[in-house]
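Taken in sequence, the protein lines are chains A and P.
Note that the first sequence ends on residue 443 in this note's numbering; no numbers are left out.
Note that the second sequence ends on residue 357 in this note's numbering; no numbers are left out.
A few of these clues could be false.
[What the hints assert, rightly or not] Restraint-style ranges between C-beta atoms, simulated for each label pair:
hint, chain 1, residue 1, chain 2, residue 2, range
1, P, Thr308, A, Gly59, 55 to 65 Å
2, A, Ala156, P, Val118, 40 to 50 Å
3, P, Gly165, A, Lys378, 35 to 45 Å
4, P, Gly105, A, Ala156, 21 to 31 Å
[To be verified] Here are the computed lysine-lysine pairs in the PhoX-like style, where the Cα-Cα straight-line distance is at most 20 Å:
hint, chain 1, residue 1, chain 2, residue 2
5, A, Lys53, A, Lys107
6, A, Lys375, A, Lys361
7, P, Lys173, A, Lys429
8, A, Lys271, A, Lys409
9, P, Lys173, A, Lys154
10, A, Lys150, P, Lys173
11, A, Lys387, A, Lys375
12, A, Lys361, A, Lys60
Everything labelled a hint here was simulated from the structure, so no lab data went into it.
Please read all numbers here as calculations on a predicted model, not as lab measurements.
Yeah, the Cβ is synthetic: ideal placement off N, Cα and C, and Gly gets one too.
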Amino acid sequence: MKTNGNRPHRSTSTRVLTVAACAPLLALLATGCASTDTGATAASSAKPSKASKCGLGNGKTATGPAIKLGAIVSDTPGLSFTDVTDMANAYFSCVNANGGINGRPVKLVVAKDALDPQLTASLATKLIDTEKIVGFTASSSVLDCSVNAKTYEKKAVYGIDAGLSLDCFNSPAIAPVNVGASYSALATAQYLLDKGAKKLVVFTSNTPDSNAVNSSIQALGKKAGVPVTAWVENVPIADANGLALKAAQAAGADGGVVANLNAGEALKVFKAVEQQGLIDQALWGCPAGCNDQSMLQQLGSAWDGKLGVNAEVNLAGSPGPDNQLYLQLRQKYAPKTQLGNFGQLGFTAARIAVQALLSIKSGDYTTATVGAAFKGVKDYRSDLYCKPWYFGTQAFHTANNTTRTITPKSGQWAQTQDCSEMPALPNNKFAEIRAYEKQIGLG
Amino acid sequence: MNVLEDAHRATAPDHARHPTAAIGHRLRQPLSAAVWPAGVAAAAALLLPLFTSAYWIQVLTAAAVFSVAALGLSVLYGRVGLISLGQIAMLAVGGWTAERLGQTGALPFWLVLLATGVVTGLIGIVIGLPALRLSGLYLALITLMLAAAVTIVLTNTNFPNGGPGFLGYDPVKSGTVPLARPAVAAGDTAYFRYTVVVCALMFLLAIAHTRGRPGRAWAAIRQSEHAAVAAGINVTLYKLWAFALACFMTGVAGALLAASAGGLTVYQFPPQESITLLAALLMAGMYHFAGAVVAGLMLKAMPALLDTWGVSSNVLLIVFGVGLVQTLVTSPEGIAGQLSRDLARLGARIRVRRTTS
Chain A
1 MKTNGNRPHR STSTRVLTVA ACAPLLALLA TGCASTDTGA TAASSAKPSK ASKCGLGNGK
61 TATGPAIKLG AIVSDTPGLS FTDVTDMANA YFSCVNANGG INGRPVKLVV AKDALDPQLT
121 ASLATKLIDT EKIVGFTASS SVLDCSVNAK TYEKKAVYGI DAGLSLDCFN SPAIAPVNVG
181 ASYSALATAQ YLLDKGAKKL VVFTSNTPDS NAVNSSIQAL GKKAGVPVTA WVENVPIADA
241 NGLALKAAQA AGADGGVVAN LNAGEALKVF KAVEQQGLID QALWGCPAGC NDQSMLQQLG
301 SAWDGKLGVN AEVNLAGSPG PDNQLYLQLR QKYAPKTQLG NFGQLGFTAA RIAVQALLSI
361 KSGDYTTATV GAAFKGVKDY RSDLYCKPWY FGTQAFHTAN NTTRTITPKS GQWAQTQDCS
421 EMPALPNNKF AEIRAYEKQI GLG
Chain P
1 MNVLEDAHRA TAPDHARHPT AAIGHRLRQP LSAAVWPAGV AAAAALLLPL FTSAYWIQVL
61 TAAAVFSVAA LGLSVLYGRV GLISLGQIAM LAVGGWTAER LGQTGALPFW LVLLATGVVT
121 GLIGIVIGLP ALRLSGLYLA LITLMLAAAV TIVLTNTNFP NGGPGFLGYD PVKSGTVPLA
181 RPAVAAGDTA YFRYTVVVCA LMFLLAIAHT RGRPGRAWAA IRQSEHAAVA AGINVTLYKL
241 WAFALACFMT GVAGALLAAS AGGLTVYQFP PQESITLLAA LLMAGMYHFA GAVVAGLMLK
301 AMPALLDTWG VSSNVLLIVF GVGLVQTLVT SPEGIAGQLS RDLARLGARI RVRRTTS
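Construct all of the structure, not just a fragment, from the sequences and the given hints.
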């Protein structure tokens with residue numbers, strides 16, 4: 001598959017990794033993790049396609065009682081994923097103006113949580129028991145999966161979400177539309193191996209998932225026969241110069257370094273690498289957290305083609321019909337959202353949910369019928385994805401398991417590696433996932 | 001003497017600065033002092049579940065737990081004049097201890113609560129040691145650093161989730177693992193009632209202390225440590241006692257939190273939360289135990305209320321800031337103190353009218 005645009009993302013991945021260690025300093029993170037959106041889109045060499053249509057696309061306003069979907073989204077100072085739900089809402093607005101769900105409007109009830117599991121648990125109770133939602137769409141919460149996944153499974157309420165923690169990818173009730181922090185780091189390490197790295201170095205910000213991320217890359221190194229040096233790094237990073245030097249020395253002449261940090265922290269390290277003249281000492285990579293416009297602007301031309309960043313979905317400048325629809329809806333309904341990754345994920349989750357809802361012909365929208373419809377999605381095709389997305393019947397979900405890699409180029413993101421499968425390892429489930437994909441005809 | 005202590009003396013209401021005198025004016029018997037927490041608890045436990053949804057039951061359970069954390073701070077600062085910014089960290093330690101003890105499956109829930117309280121109480125004594133020589137700003141800094149240390153340790157160890165070893169954490173296991181609830185309180189409503197009863201017991205424990213010898217000693221220490229020593233009060237003992245009591249109660253609250261919906265995560269105990277707790281308690285009423293209840297509601301129920309109204313709960317940080325200034329300037333006794341005084345005035349007027357008519 002080809003990708004033509006280049007566009008910054010703000011990734012889910014490293015934001016999750018930021019949370020625990022940055023928790024004492026959330027106020028500082030408000031500036032540290034923030035990125036700016038210039039609104040600029042990289043020029044695409046291909047002519048943009050005609051945008052896809054919203055839902056039925058018949059131009060009729062939906063009427064009657066709304067079909068309620070729910071979303072829990074983290075929104076605290078310095079840590080907000082509301083772009084996901086805002087763009088999901090934008091898509092639903094467009095659907096409601098174009099025939100709705102077989103004539104009925106769809107409504108996304110958004111509950112904002114923080115880093116408080118009691119609050120997150122109570123919001124799930126509120127959405128399910130009080131609001132009577134029939135499914136979840138575009139949830140993007142730091143704690144939701146860890147706290148509520150078992151509740152969703154028990155109550156058979158299904159979700160098509162943007163998963164942050166690993167727990168989101170290991171629930172039968174939740175199917176994320178994205179890759180997640182852990183797998184994005186793994187994909188970055190694979191990219192460095194593909195580029196010829198003879199040794200891997202990874203440092204991950206200190207969070208509950210950090211050891212799992214490092215173990216995953218160690219397993220990759222073992223499979224590839226290259227040594228891996230991995231450690232956990234407390235953030236905010238106090239000595240970026242020391243860390244940059246340590247990483248470069250550990251990597252050696254032919255090594256590759258995965259800086260598994262959020263954009264703000266990774267930028268500190270990469271600037272330190274640049275200042276110490278270490279850019280060419282090793283290959284450098286960063287998971288989807290670095291797919292950020294402000295980072296791109298601050299890196300400068302010294303990093304052109306020298307940094308590989310994993311991308312969860314296609315670039316915001318790509319010419320495909322779904323991306324064109326995303327761009328149109330963002331402009332019309334959610335101009336304040338950041339251009340790129342988060343918005344694209346919310347848009348995608350909503351689009352898949354609508355496709356599922358439209359498949360219910362009985363007109364009866366309950367948790368049971370909607371859950372069945374969600375689970376029935378098995379061939380969702382989009383130019384934002386490398387391959388079709390599906391919900392599936394497995395107890396774990398990572399349908400988005402083939403991603404691209406991008407790199408800075410003349411002040412814009414450019415694709416440096418086309419769609420590549422994430423490596424199947426003993427400590428992940430990609431082998432089973434791909435066997436299942438073959439079984440349902442998507443392999 | 002230091003800046004915070006001066007400020008405390010300047011802003012504390014008259015009866016808080018001279019509590020023994022105040023108590024002398026309106027001394028209540030221990031039985032009558034126990035009436036309001038018992039009454040409030042009974043009313044809350046019986047009535048609230050009848051009128052609220054499952055969502056609000058979960059919210060109010062958390063509010064009840066945080067009222068006990070506020071109570072610990074109220075004892076330390078409001079009664080003894082010792083400022084601690086480590087109460088939220090102690091809540092986390094209580095939660096960790098309870099989850100680890102509960103993981104063994106050998107102890108009934110009530111014993112887990114008690115054992116957790118004892119553990120955190122002992123830790124409180126250790127924390128209290130610096131307080132023997134320090135107070136005010138320096139003590140606040142030390143306890144804040146302690147809270148930061150707890151956060152760092154928790155980030156590395158995580159909360160027990162049924163894993164092996166001393167830490168009891170298995171990185172492969174997914175999701176939070178709440179502490180198993182007692183059989184009599186398995187559901188959310190029953191657990192809310194259980195929590196309210198335990199919290200009421202904590203309030204009664206605090207009241208019993210302040211009405212007895214420790215309360216008089218604490219009042220004397222707060223007025224003048226030197227005078228207290230001259231009066232033969234064992235300052236070392238009573239300061240450590242205060243820390244032990246506050247940490248015991250907060251530890252029990254942490255254990256209750258561990259069994260509430262959602263379980264525990266390393267994200268929810270940032271050190272700055274203790275500052276928010278202090279601000280909320282100052283607004284709610286540092287010198288009245290009822291203020292701790294109001295503080296718990298402000299911290300946990302108010303965000304939910306704002307969310308219901310479609311207002312971001314982040315606004316509360318601003319509201320707390322403005323409210324704190326307003327409280328310190330116009331009503332140092334806080335909401336509970338002001339309310340108590342206004343109700344007393346109203347009662348007096350009603351009595352006067354009755355006698356004149």
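Each hint, compared with the structure:
Checked against the hint of 55 to 65 Å, the pair P:Thr308 and A:Gly59 fails, with Cβ atoms roughly 35 Å apart. The hinted range of 40 to 50 Å is satisfied by A:Ala156 and P:Val118, whose Cβ atoms lie roughly 42 Å apart. Evaluation of the 35 to 45 Å hint for P:Gly165 and A:Lys378 yields a pass: the beta carbon distance comes to about 42 Å. One distance hint, 21 to 31 Å for the beta-carbon pair P:Gly105 and A:Ala156, holds here, with the actual separation near 29 Å.
Note on A:Lys53 and A:Lys107: the hinted pairing holds, with a Cα-Cα distance of about 19 Å set against a maximum of 20 Å. Taking the CA atoms of A:Lys375 and A:Lys361, the gap is near 16 Å; set against the 20 Å cutoff, the hint holds. At most 20 Å may separate the alpha-carbon atoms for a hinted pair to count; P:Lys173 and A:Lys429 meet this at roughly 15 Å. Annotation: proposed proximity of A:Lys271 to A:Lys409 holds, straight-line Cα distance about 17 Å (limit 20 Å).
A threshold of 20 Å between alpha carbons decides the hint, and for P:Lys173 with A:Lys154 the separation of about 18 Å falls inside it, so the pair holds. Distance restraint check for A:Lys150 and P:Lys173: the Cα-Cα separation of roughly 13 Å lies within the 20 Å cut-off, and the hinted pair is therefore satisfied. Between A:Lys387 and A:Lys375 the alpha-carbon distance is near 18 Å, which keeps this suggested pair within the 20 Å criterion. Distance check on the hinted pair: A:Lys361 and A:Lys60 sit about 19 Å apart at the alpha-carbon level, within 20 Å; holds.
Checked against the numbered hints given earlier, this structure breaks only hint 1.
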